[in-house]
Amino acid sequence: MEIVLALAIGVLSGAGIWLVLRPRTFQVLIGLTLLSYAVNLFIFSTGGVRIGAEPVLRGPAGSLADYADPLPQALVLTAIVISFATTALLLVVVLAARGLTGADHVDSRGDEEG
Amino acid sequence: MIQHLVILPILLPLATAILLLAGGRNRPAQAAVSIAASLGLLVAAVALAVAVNTGEMSAIYRLGNWPTSVAIVLVADRLAALMVVLASVLGLVNAVFSLGRWSRLGPYYAVFSQLLLMGLNGAFLTGDLFNLFVFFEILLAASYALLLHGSGRRRVGAGLHYIVINLIASLFFLIGVSLIFGVTGTLNMAVLSQRIPGLAEESRAIFHAGAAILGVAFLVKAAAWPLGFWLPRTYDAASAPAAALFAIMTKVGVYALLRLGMLCFGPDAGPSAGFGGAWVFATGVLTLGVGLVGMLAARDVGRLAGYSVIVSAGTLLAALVFREPAVITGALLYMAVSTLGAAAFYLLGGLVGGDGADEFEDPPLLEAYDPDDEGLYTEEDERAVVIPAPVGLLSAGFLICTLLIAGIPPLPGFLAKVGMIAPLLNQPPGPFPAAGPVLATILIASSLFSLVALARAGIQIWWAEPDRIAPTIRLHEGASVGALLFALLVLTFAIGAPLDYLQNTAHELLEPGRYVAAVLGPEAGR
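Listed in order, the protein sequences are those of chains F and P. With our numbering, letter number 66 in the first sequence gets 66, and the count goes up by one each step, no holes. With our numbering, letter number 233 in the second sequence gets 233, and the count goes up by one each step, no holes.
Just so you know, these hints were derived from the structure itself, not from any lab. Each residue gets a CB set at the ideal place from its N, CA and C atoms; glycine is no exception. Worth double-checking, as some hints may not be accurate.
What the hints assert, rightly or not - Just so you have them, the derived chain F footprint on chain P, three or more residues with Cβ under 8 angstroms:
{"id": "1", "stretch": "161-175"}
{"id": "2", "stretch": "392-405"}
Claimed, not checked - Part of the chain F face toward chain P, derived, beta carbon under 7 angstroms:
{"id": "3", "residue": "30"}
{"id": "4", "residue": "49"}
{"id": "5", "residue": "53"}
{"id": "6", "residue": "77"}
{"id": "7", "residue": "88"}
{"id": "8", "residue": "92"}
{"id": "9", "residue": "97"}
Model the full structure from these sequences, guided by the hints.
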């Protein structure tokens with residue numbers, strides 16, 4: 001289980017870093033999305049990976065080992081919402097840059113210096 | 001009652017932003033609400049600082065009144081209150097300055113300013129690492145909108161880079177926070193500070209890795225070399241009042257490094273004591289050097305101000321590593337003065353005008369996106385009162401800014417520089433034995449180079465090309481910059497009380513036990 005999670009994080013962040021270093025804005029955007037997936041999985045893994053353990057207490061508490069750590073899950077939820085919102089904002093700016101400069105290169109300044 | 005004063009600097013801007021957003025398009029009413037709220041925020045911030053200073057303990061606010069072990073806390077110690085006061089001063093100046101033509105460049109300028117203030121104050125007041133992340137994101141999201149205010153090719157281009165860089169830095173932030181949480185099991189800074197000495201050896205390595213990654217995220221915000229190339233272009237592209245507000249944003253990174261460095265890596269931290277100090281010092285010195293080279297190379301006021309912000313960040317990073325009350329006092333004074341000085345510089349740069357001076361005549365296309373608002377570019381504010389003889393006033397302001405930024409007597413910039421240099425020469429405990437005198441030498445040189453760069457820019461603007469100076473200043477613009485500079489002038493003569501406050505701040509920072517005791521109760525402090 002751990003090795004699968006580690007590999008997934010590694011592959012996602014590798015692909016994300018490569019895409020972020022690409023010259024087109026859309027590739028950068030997708031790269032950032034992949035990177036934030038990788039980071040979210042990473043946060044999730046800091047609570048320890050348990051199969052079939054609940055994070056929410058129901059009824060009388062048994063042993064601590066029966067439960068997953070709820071805090072990383074709460075952190076991940078927040079991180080997902082924030083990175084989703086900022087990525088959406090970035091998408092708008094990417095579209096605006098495309099409209100203003102007529103190109104989708106990250107350093108594009110259009111025909112003339114503005 | 002003091003308890004609720006702690007959360008007021010966060011709630012007040014939020015409520016104002018909602019009110020401004022929902023309150024329709026009555027422009028005089030909006031201006032009145034925005035200015036009244038900024039004034040109220042300043043009063044609340046000063047009251048908080050006074051309350052924190054007179055009460056011996058830091059004021060702690062547990063959200064929802066949960067027990068401290070599970071609560072998310074806000075902590076107002078002297079450093080946090082100082083930063084909140086700085087942010088509120090800039091907020092008020094910004095609210096007055098941006099009336100009329102500046103806020104008319106695009107919709108919702110005042111709303112985003114208030115949200116930025118909320119994020120700043122939250123980041124300064126929070127006592128929880130993850131909340132720090134959330135408030136960082138709030139202030140960054142507001143800053144994206146403020147940077148893009150007015151639109152245009154330059155702003156969108158610079159904004160694209162700025163947003164991408166900050167998103168990546170936020171990912172670093174998250175990785176660092178989760179590593180620290182994974183090892184220590186807490187996000188509360190006070191609890192964290194307590195758990196560090198007892199960490200197991202193998203966990204400590206991971207904790208250090210997490211702290212270093214978190215530090216990288218803060219250094220990106222502080223625009224330290226080599227992570228700060230985004231700053232000059234971004235701030236130069238922003239409209240003048242927005243750039244002035246941004247002047248405090250690099251200080252948020254410095255603040256976070258200072259807070260965590262003092263809490264987590266003090267002498268009590270066992271094997272972790274002093275972790276990263278030498279690296280931060282080296283980064284600070286390099287940042288300072290690169291900023292000076294940039295100032296000497298800059299050809300317009302916007303870039304010059306941008307590099308002066310970098311110089312200021314580098315100075316602070318290098319000076320705040322020293323665990324010596326006198327050095328920290330000087331550095332905190334320098335932080336206050338250089339932040340306000342840089343903000344005034346950006347505002348003056350906007351009034352002098354440059355390449356973008358004609359944007360008021362030829363606004364970018366925004367109307368299509370805002371069909372309900374007929375009045376983004378109406379002429380009504382052109383009836384504003386105009387100050388005569390702008391050249392004299394602007395050049396006087398420029399002179400004051402030069403003296404402040406370069407640290408020339410008699411202004412408080414000089415007091416701050418001396419406050420740092422004099423104790424540094426006594427070889428305070430630092431990252432390596434001769435670090436103090438080395439930094440003192442660099443600081444003296446930095447004053448000289450800043451002065452050369454600023455004097456050259458002054459000659460260029462006032463003597464070589466007097467024709468390009470914009471002919472008019474509105475009364476509220478002149479008044480807000482003038483009031484800010486006048487306040488700094490007054491500070492020269494009334495430095496006593498603020499200096500006492502800063503000395504107390506420095507002592508408080510060097511005794512993290514007091515912070516811990518304030519958060520967790522007296523028995524927890526060492």
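Results of checking the hints against the structure:
no.	hint	result
1	161-175	holds (count 9)
2	392-405	violated (count 0)
3	30	violated (12 angstroms)
4	49	violated (12 angstroms)
5	53	violated (17 angstroms)
6	77	violated (11 angstroms)
7	88	violated (11 angstroms)
8	92	violated (9 angstroms)
9	97	holds (5 angstroms)
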